[in-house]
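**Student:** Heads up, the sequence shown is in full-length UniProt numbering, so the first residue is 1 and it goes up one at a time.
To be clear, the hints were calculated from the coordinates, so they are not data collected in a lab.
Remember, predicted model here, so these are calculated numbers, not experimental data.
Every residue, glycine too, gets a C-beta built ideally from N, C-alpha and C.
A few of these clues could be false.
[As the list claims (entries may be wrong)] Straight-line Cα separation of at most 30 Å, DSSO-like style, residue types lysine-lysine; simulated pairs:
hint : residue 1 : residue 2
1    : 117       : 291
2    : 144       : 97
3    : 97        : 15
4    : 275       : 159
5    : 280       : 97
6    : 275       : 291
7    : 297       : 159
8    : 117       : 245
9    : 97        : 275
10   : 355       : 159
11   : 124       : 219
12   : 361       : 219
13   : 473       : 420
14   : 275       : 436
15   : 297       : 117
[Claimed, not checked] Label-pair ranges, simulated between beta-carbon atoms:
hint : residue 1 : residue 2 : range
16   : 192       : 140       : 37 to 43 Å
17   : 145       : 192       : 53 to 59 Å
18   : 436       : 65        : 57 to 63 Å
19   : 416       : 157       : 41 to 47 Å
20   : 121       : 145       : 35 to 41 Å
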Amino acid sequence: MTACMENRKETVRSKLLTSRRPTTIATWNVRTMYAGGKAAVIAEEMKRYGISLLGLGETRWLQSGQVKLASGETILYSGHPEDSAPHTEGVAFMLSKEAQRALISWEPINSRIITAKFQTTHKKINLQVIQCYAPTNDTDDETKDQFYNQLYTILQDRKGKDIIILMGDMNAKIGGNNNGFEPVMGREGLGTMNANGERFAAACADNNLVIGGSVFQHKNIHKATWVSPDHTTENQIDHICISQKFRHSLLDVRARRGADAGSDHHLLTAKIQLKLKRMKHREVQCQHNIKSHLMQKFRRVFEGIAKAGQSTDLNDFYTELFITERISGEVNKEHEVRLIETASRKPAKEETPIKCEDIFKPLPGQDQPSRTIMTTGVAGIGKTILTHKFTLDWAEGKANHDIHFTLPFTFRELNLLKEKEFSLMELLHHFFIQTKGIRRYDRFQVVFILDGLDECRLPLDFQNNPIWTDVTKSTSVDILLTNLIRGDLLPSARIWITTRPAAANQIPAECVDMVTEVRGFTDPQKEEYFRKRFREEPLASKIISHIKTSRSIHI
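Construct the complete structure from the given sequences, taking the supplied hints into account.
**Tutor:** What follows is the structure, encoded as structure tokens:
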């Protein structure tokens, strides 16, 4: 290996990133490595968390070069070029033996940026990693401009087929409001976006990089990456990003509070696994057509304040519902109004709310997303609108970019096919003619939405219906549905079923991975809803006041 550029070893390289197992990478502002024994401490934590590649910030080492540790790790570092420079800033990579063998080249850009390229199991795709230590929020604009101009140049030079990972202490708070940045940000960010956060999010948007920490649902303590000296403030300012086209290869991002190297930053880890699902031109066109169809179908709704013959934009009045995991699988047969009243008294702080776009994402403590979700709720609580919003957000490209096809059905429509036979492929073509160009759904992530189980008139006999695994073979619709739900037919698909509580027992508990419940609106959400529906402030306030005086309405 030369001092800065290429790995010239003649030995056969290993592959850092594979499709068979996840690889753990991480970034960590260690505050300084200009202290005896610090590198050994970091290497020990790296091993403890099974990290193959660790990006380091604020190392405070001068110049650039590489160091081999007694424990086997190699450090590639980049700092101020002058011997007389102050021991500030500095970035580095710490490589496991596996990463060392996969290393193709590396480049020390300056005291804030270092890059490295690694081989993956795919012959034509490499992993390019950029480790940064960005200026703080109160640094002068000229320094910030210099940093981001250099970063833009690096990212532009690396456009192509490779997987790009941008990580490090970006000193950027992105917050949970992703308006304007939906393609590259989720809503799981911590706090409120600051000026550095705007620069960072814009850079990611301009270079098609998804901010990993904004996508995965974790407790706030596992999102925060920095803690103030008095331990009263925690912020999410360190980040790991990935190329948007490889978004589905990023499996998780979270802080590891147990790692200790004497820093005020937490170790931030990510799991990545090479996943390649290339869509052919015909399939891309089908996806585009079905998205256009669903946008046209669900963007406008005839409901509420809309006059006869007029419609309202769903995005204009949609208000987030309170959805939570339902612990008990017991069917509650109380009157539905009593159910609403009971639910309204349940303290929301004891439960984890689930956002519409996150319905399939793993809950805190879960490693994998659920395959089959059942969402219960009383009549009129908003279950159908919820599925429409999920579908519309996917079709508009606002959420769930890892899903290739979302296919919404209602049991009312399926009931009409009770006496007919279809294969699964034929059933899809019957409802969505735009899917006729798709020949193999097992190559894609597909979501089936089955809305209104309580209206089902099909004999869903999970005990006696035969096993059906062939998507091209015809049978009755009820057999297709039972096999789809229990995972015998197209097991790679995800299923979302909505129902009133009393009908939930039509599907055996063992066929459902998670049951969620729509509780309606919290008190602040109720006010938000009515202010969206009635744009005139005096009228909205009058309606809200009136509703609050009526207990039976307000619950």
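**Student:** Could you run down the list of hints and mark each one as holding or not?
**Tutor:** These are the hints, each one checked on the structure:
no. : hint                     : verdict
1   : 117 with 291             : 36 Å, violated
2   : 144 with 97              : 35 Å, violated
3   : 97 with 15               : 11 Å, holds
4   : 275 with 159             : 19 Å, holds
5   : 280 with 97              : 38 Å, violated
6   : 275 with 291             : 23 Å, holds
7   : 297 with 159             : 36 Å, violated
8   : 117 with 245             : 18 Å, holds
9   : 97 with 275              : 23 Å, holds
10  : 355 with 159             : 33 Å, violated
11  : 124 with 219             : 38 Å, violated
12  : 361 with 219             : 14 Å, holds
13  : 473 with 420             : 13 Å, holds
14  : 275 with 436             : 25 Å, holds
15  : 297 with 117             : 45 Å, violated
16  : 192 with 140: 37 to 43 Å : 23 Å, violated
17  : 145 with 192: 53 to 59 Å : 23 Å, violated
18  : 436 with 65: 57 to 63 Å  : 59 Å, holds
19  : 416 with 157: 41 to 47 Å : 57 Å, violated
20  : 121 with 145: 35 to 41 Å : 39 Å, holds
When each numbered hint is compared with the structure, violations occur for hints 1, 2, 5, 7, 10, 11, 15, 16, 17, 19.
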